[in-house]
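Engineer: So the chains spell out like this:
2 protein chains.
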Amino acid sequence: MENAKSWISTRSGGKLVAALAAKSKHLTAEQMAAKQREISVSEFFAKNRHLLGFDNPRKALLTTIKEAVDNSLDACEEAGILPEILVEIHQLEEDRFRVVIEDNGPGIVKAQVPNIFGKLLYGSKFHSRRQSRGQQGIGISAAGLYGQMTTGKGPLIVSKTKRGKAHRFQIQLDSTKNKPVITKDDELDEWHLKHGTRFEINIEARYQRGKGSVDDYIKQTAVANPHARFVYRAPVDEEERVYDRAVKDVPERADEIKPHPYGVELGELMKMLRTTNSRWLSGFLQEEFCRVGPKVAKEIIAKAKLGERSYPSRIAREEADALYRAIQDTKISAPPTTCLSPIGEERIREGLMKECDADFYSVATRPPAVYRGNPFQIEVGIAWSKPGDDRLDVDEKGRIRKTKKKRGTFDTEDLLGNADEPVRLLRFANRVPLLSQQSGCGFTKAVIGTAWKNYGLSQSKGALPLGSAVILIHMASVWVPFTSEAKEAIAPYNEILKEVKLALQEAGRKLGAHIRKNKRVAAEFEKRTYIEKYLPHVGIGLQEILGISDEDREDLVNTLHESMENTRKI
Amino acid sequence: MENAKSWISTRSGGKLVAALAAKSKHLTAEQMAAKQREISVSEFFAKNRHLLGFDNPRKALLTTIKEAVDNSLDACEEAGILPEILVEIHQLEEDRFRVVIEDNGPGIVKAQVPNIFGKLLYGSKFHSRRQSRGQQGIGISAAGLYGQMTTGKGPLIVSKTKRGKAHRFQIQLDSTKNKPVITKDDELDEWHLKHGTRFEINIEARYQRGKGSVDDYIKQTAVANPHARFVYRAPVDEEERVYDRAVKDVPERADEIKPHPYGVELGELMKMLRTTNSRWLSGFLQEEFCRVGPKVAKEIIAKAKLGERSYPSRIAREEADALYRAIQDTKISAPPTTCLSPIGEERIREGLMKECDADFYSVATRPPAVYRGNPFQIEVGIAWSKPGDDRLDVDEKGRIRKTKKKRGTFDTEDLLGNADEPVRLLRFANRVPLLSQQSGCGFTKAVIGTAWKNYGLSQSKGALPLGSAVILIHMASVWVPFTSEAKEAIAPYNEILKEVKLALQEAGRKLGAHIRKNKRVAAEFEKRTYIEKYLPHVGIGLQEILGISDEDREDLVNTLHESMENTRKI
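Protein sequence lines, in the order shown, are assigned to chains D and X.
Residues in the first sequence are numbered consecutively from 1, following the numbering used here.
Residues in the second sequence are numbered consecutively from 1, following the numbering used here.
Please note: incorrect hints may appear among the correct ones.
The list treats identical chains as one, so a pair stands whether inside a single copy or across any two.
Claimed, not checked - Below, computed lysine to any residue pairings styled on SDA-like, alpha-carbon distance capped at 25 Å:
#1 K248 / G293
#2 K354 / S549
#3 K402 / R229
#4 K461 / S549
#5 K298 / V100
#6 K258 / K533
#7 K331 / E187
#8 K533 / E544
#9 K498 / S282
#10 K402 / F360
#11 K165 / A111
#12 K461 / P387
#13 K177 / E38
#14 K445 / L466
#15 K271 / G293
#16 K271 / P114
#17 K445 / G212
#18 K194 / V231
#19 K177 / K271
#20 K162 / V100
#21 K445 / G462
#22 K402 / G449
#23 K179 / I540
#24 K510 / E524
#25 K271 / A523
Just so you know, the hints here were simulated from the structure itself, not pulled from any lab data.
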C-alpha cells in the first residue's frame, strides 16, 4: 500500500488523488507488475511442505527416515553392496528429535555432498530411465530443509568412499536461492566404516507406534527388501530391533533404457531433434530410442514422407508432427524389461507368511506392461483367514483337522483384521512401502473396482471388500507416477489400473476357489461332528444287539470313525 | 554404461578389469558422482504433469481453462473491475483443440508477459498474504508447457493496459532452463478491448460433458462468483452460453496481512532476524508481525530473557529458539480477518437454489480461524430433497399441501441424486470449484467423519451419507493448503477439518430438524389420507341415521374435512 500511494501521488501530484488511492485498495497493471517475482523451489516447498510428506510432526519423522533409507538402499544396490542400515531416533525435547541414518553404501564424493543434501531438484535418478526408489532429487534435501525450519539447524553429513577419507559437512539451506551454505567442513582421521554415509538431522517430530509409523515402515521395508539388514533404535524401548537379511544376493542392478518412441510427445521429440548428435534422421531414430532398428526407422520415415538423410536439427514443426504421427502408426515392440526389478512371487509369499498367520496365500505376477513409454510390472499377494479362532486343515490323507490359530503376536494382531472389517492394503512402489494417502491411491481404486463377491468376499458399492485379509500390491517401474512429491500414492493412470485389476483378479480367483472349498470342508466338518457325537451310542446299540465285548465295541467304533473320515469327498 | 566402461579402463589400464566392469553393472561412488545434475523445475513438472492436473486429455482441457480463468478473475478483482470473461474451445483435429480465454482485466505490462506465461514459479501472489485464486506462480505457465509438449506450439498472448498499446507475444518455454523464449513480439494498432488480456494455446485434449467437465467448472464458477459475467463457447453446440452477473459490485479487494507470530517457525524467524531493517528487537517484532504492539513485544522479549534493544541480526540460534518458545507462550490475538473474502450465506443459498430444486436449504458460516498462522474461514450449505417425486408443504394456515417437484431440467438432474446414493459434494477454495480428487480431499474426510445419522441421513462407517442432497463447502484463506500443485483437493490439516465439521454440524442440525418434521408431516398426511378415504362413507352413514338431504350431507363431510385439517398438531 505504501508503494501504491507514493506511486500515484508522484504521477498525479494531486493530494485528492493520493487520498482516493489510499482509500481504494485497487491496483493498476503497473502496480501489479512491480509485485511480480521469481519463487525459489525451496521457498515453494517450505510453504507447501505437506506436498513433501511433512504435514504434521508424526509424518515428518516418517518421511525424514524414509527419504534417507530410500537413498541408502539405492546407493548400496547401485554399487552392488549388501545393505546394512542403521536407523536411530533420539528424543531431545518433548517435540524435538535427532534422527540418524547410516549405511555401508559406496559413500559420496566430497564435491557432491552439499548439493545432494542442500539443494532441491538435484540428483542422478531423475534423468535416468531405470528403476530406483528415489527419482526426483527432492526428498533428502527437503528433510534437511524441514529440520532447519523447525529447529534452526541444518543437516550433518559424514561420508567416506573406498578411496577417500571420511569428510564431515554441516550445511544450511539458503531457501531464497535454493543453494547449500557450508557451515562446517572437515576431514575425519578415523571413522568406523570403510565406506558409507551418515545423515543426521534435528527435527520437530512426534514418535508414535501403530499404523503409518516408523516401526511399520521399517518392518514393511524389510519385507520388500529381504537382502537388506536393518538395525533400528526407537526412542522408547532403548533396545535395538534387528531385521536380518533373508537372502544374500544384491538384486541385479536394473538396466538403464532409452526412451520408447510411443512414450515421447511432439514437444519432446522436437527438443530431441534439436539437440541430437545424430546427423541423419534414420540414425537419430535408431540411436535415441529403444526398439528402433533400420527397418522400423525406414517405415516411420516413409510414413512421415521425410527423407532418411534429413538433418534432424532442420526439421520444422509440421514435419516433426508428421514424424510424431508416423511413430504412433508404426508397430514397434514393447520396451525391454530388464530395467525392472520385481520382488518376485516367492518372496512376496514368504513376506506375507512371515507377517501374518493366515489360512491361505495367493500370489500373482503380471507380465511387464507400458504406460506413457515407461515399462512397469505389477505383483499382487493376498493373505486370507477364515472368521473365528479355529482353522480346518485337510491332511495328506484327506482328513479334516481342526487346529487353534496362532494369535496375539505383535505382527499378527496388526495385519489381519476382523472378518467384518475392510481388508488391509499393503502398497509398495519400487520396493518402498506407501504408508499414507490410501484413499487417494490408484491401487485402492483398483481394489475397490474389482468384483470381490465373485471371489467370496462381501463388498459394498464403492468400498473395499470385507474380510480378515491382507492385499499386497507392488509396482516396479522406471518411473512411478506419484500423486504428490511425498510419493505416498500412485496416480490412477488407466494402464496401471488395468494391470492391477488383472493381477487382483488372478489372485482373487485362487482365493475364491479356496473360500468355496473352505465352506464345503466346514459343512462336512459340521456334519461329521454331528455323527461323531452319536457313534458311541451306535456302538452301545450294536453291542447290545450282537452281544460283543467292550473291546470289540471300541474297535467297531474306531473302524466306523476311520472309514467315515476316509470316504469324505473333498 | 559407456561412461562407466571407459572410466574404469582409463584408470586401471587393464583389459580384464574393463571386461569385468562391463559385465558387472555396479557403479563406484565416483561414477555415481558423474551422474549428478540439477533438475529444472519445468523438466520436473513436464515429467510429473499429473501433479499439475494434466493427467489425461480431458482433465488437461479443464486445467488449462481453470488456470487462465482463475488468473483473469484475480486480476479483475485486484484492479476493481467487474469481470467479463470469454472462454472458447475450438476443435482443430480429433485430439487437438485451441483454447482461448480473454478478460477485461487491467492487462499486463509488456516486460512481464514472457515471465508470467513462460516461467514456472513466477508470480505476484506467492509472497503476499492475501486471499487469491492463484498462489503458486505455476498454473498458467504449466498450461503453456503442456500445450507445447503436446502440439509443439507455445502460447500466444495479447495484452493491453489502460495507458499502453496492445502487444502480442508468441513464446516457447525452454524447459531445460525454465525460461521463456520469445518467438514473436509485435504491437497491434487496434484491439477490440480498452484493457485486458487474451491467452491462446493449442493442446492435446478431449471435450466431454458431465461431472468434472469444463461445462461443470464454468457453471460452478459462476455460482461462486456472482459478480462475474461469463461467455462460454463449447465446441459441440457452436452456440454461446452466457452466465450473467447476479450482483454488480466487485468483492472488496482483500487486505494483505503480515505474518502472525504463531505461524512462524524457528527457521523462518531466524531468517527474518537476519534480513530485517529494524534495528531493535522490539521494533522487529512490532514491524514484521501482525498483532504485536509494544506491550506484547515487551512480554515476549522478557520471557525469552533477551534485551529489547538487542540487534536482531546478532541473535544466535539458541537466543532465537528462546524467542520462538516465548512467542508460543505469549497470548497474542488472532490475525485480522479483513484479508478474507467469504462468499456469504445469502449467496450460497441463492446459488444452491438456482442449481437445484430441493425441499430444504441450510447454510452455516464459521467465524474465522487460524492454521499455521494463516487465517481461514469455512462456509457450508446443504440442499436436501425428500425421496420421491412429490413434495409436502405446510401452508401459512398450517395445512399440508402435496405438490409435484420440478424435475428434468439439465441442472436439476445433475445435482440432486437419488435418495439411496451418496450425497454430492461441491467443494470450493477461494471461490474456485474443486472438481477432482474428491476422495483424497480433507473436505470429504470431514463429511465422512460427521455423524449424519444424528441429522436424519443414513451413513455406513467410513462412507459419505446417503441422500438426495448436495453439500457445498467453501474455504476462504490467505493460503489454501492443496494436496498437489493441481489445486484439486485440500490437505487435511486438523484445524481445517475441525472447522469444516463444526460448520457441517451446524447446518446438519437444521437439516435434522427439518427431516424429523418432514417425517411427522408425512405420517400425518398418510393418516389424513386414510381418514379422507372413509369420510364419504361416514357421510352416507350419518345421512341414513339422521335422514338429512344430499346437500346437508355434503356440507357435513366438508366441515369434517376442514376441521380435521385445522386441528393438525404440527
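Engineer: To test your reading of the hints: which numbers does this structure violate?
Structural biologist: Hint check: 1, 2, 3, 4, 5, 6, 7, 9, 22, 23, 25 fail, others pass.
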